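**Student:** What follows is each chain in one-letter form.
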Amino acid sequence: MPVSTTTVAEAMRPRLPSCTLRTPVMEVARKMQEDGVAHVVVASAGSDLIAGSISELDLLRAVIEGKTEAMASDVMSLAAPATIAAKEPLAVAVKRMRDEGIAFYVVVDGTPARPVGLLSHTELAAYLARG
Amino acid sequence: MTATAAPDASLGDTARTRPVREVMRHGVVLCDADVSVRDVARTMRDHRIGAVLAVDISSEVIGLIDESSLVRGWSEPDRTTAAEIADVDPLIVDPGDAVGDVARRMLDRGLTRALVAPPPPTEESGRWSEWKERGLPLGMIAVADILGRLDELGAAVRGGSAAPPLGARRVPPAAIAATVIATLLLLGLMLFLVTHGHPQTTTPGCSNPTQGGC
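Protein chains in written order, with the numbering used here: chain A, 1 to 131; chain B, 1 to 214.
Extracted from the complex, chain A is given alone in its bound form (with noise of 0.2 Å):
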C-alpha cells in the first residue's frame, strides 16, 4: 500500500479526546489513561470551540506543583492546536509534524470545519504497524 496516497482520515484515531475547561485535572489523568492518549483538547462546555490543550507533560508539571485539585483549564496550554483537514495526503501531515515539530493534529472536516478525530504519533505508528 502506497503510504503517499493515503489519507489523514484513514490513520485518525476517528474521534477525539476531549474535556471542559472545569474538568478536574485528575479526571483528565484518568481519561487518558483509559484512551490511551497523550493528548486531550480543551474545549468550552457544550461547544466546538478550543480553548487549550493538555498534554501528558502539562499533567506532569501539574502534578510536580501540587496542582491535582486543580481543573483543566488551570493546567492547558493556551496555543491553538494544529488543524488539518481529514482529507489532506498523510505524507503531508507527517511532513508538517516533523519540520514544524507538531505533536498532534486536531482533524476537521466539512464546512464550517468541525473536529472529527485526532493524529498524533501513537495513531502513526499503529497505521504503520497495520500496512
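Keep in mind the hints are simulated off the structure, nothing from the lab.
Heads up, a few of these hints could be off.
Restricting the straight-line Cα-Cα distance to at most 25 Å, the calculated cross-link-like pairs of lysine to any residue (SDA-like) are [as the list claims (entries may be wrong)]: (1) A/67 <-> B/105; (2) A/87 <-> A/7; (3) A/31 <-> B/48; (4) A/87 <-> B/76.
All of these numbers come straight from a predicted model, not from anything done at the bench.
Following the hints, complete the assembly by docking chain B onto the known chain A.
**Tutor:** The following block gives chain B in isolation, referenced to the frame of chain A:
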C-alpha cells in the same frame, strides 16, 4: 570507591520518596538494528509497548525508538532501518533515583519516557555515551506510568516543598462569628422565656389531635 545511591535530599522525608525501581516497567523489548521501521512499529504493536531498544549483532545497544521516532522513517518505512531512527541520547536514570526527581528531569527535557539502567561505576551521568559503563537496561518509566498511579505516587512526585495537607481545612472566621452570635441569641431567648413566659405555652388550634381536647 565511594558509596553510590545518595538519597535525594530535595524530596523531603523518605516516606514520600519512591525509587524508580518500584514504579518502572521491568524489562525492555529489543529489536535488531537492521530491521525496517515498519517492523519496529509492528514489534511495538505486538508487545503493546511505546518504545523498544535497538541492538546490533553483538548485543550492543544502539539507541531508543519510541512512537515519535518512527516518524523519522515515514517516507520509506520498509527501507529505513531501526538504527537510522533510533535516539542515541535518551534520558537514562538509575533504578534507585527518586521517582519525583525523575519526573522533573523528564519534564525539563520535554521527554515522556526514561530508560532505567544500573548506575555507572564512576559518578552519575545519564548520557548515552556512557552506556557501556552501565549494565544492561532494566526497564523503562513513562510519564503515563506515573499518571496512571497518581493516587499512590502523587505525593512522591509533588515538588520539594511539603504541600499543606489537604484534609486539614481551616474554619473561616465568619463561620465562627455567626455561630457565636446565634448561640448568644438563643441564650437570650431562653432567658426571656424563663423570666417572662407562661409555664405552659398554648398554641391556637390543635397541637395534639390524639387527646381529642380541641
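**Student:** So, for every hint listed, does it hold in this structure?
**Tutor:** Evaluation of the provided hints:
For the hint linking residue 67 of chain A to residue 105 of chain B, the alpha-carbon distance of about 18 Å falls within 25 Å, and the restraint holds. Restraint check for residue 87 of chain A and residue 7 of chain A: the C-alpha separation of about 6 Å stays at or below 25 Å, so the hint holds. For the hint pairing residue 31 of chain A with residue 48 of chain B, the CA-to-CA distance comes to about 19 Å; that is within 25 Å, so the pair holds. With a C-alpha separation of about 22 Å, the suggested pairing of residue 87 of chain A with residue 76 of chain B holds against the 25 Å cut-off.
In this structure, every one of the numbered hints holds.
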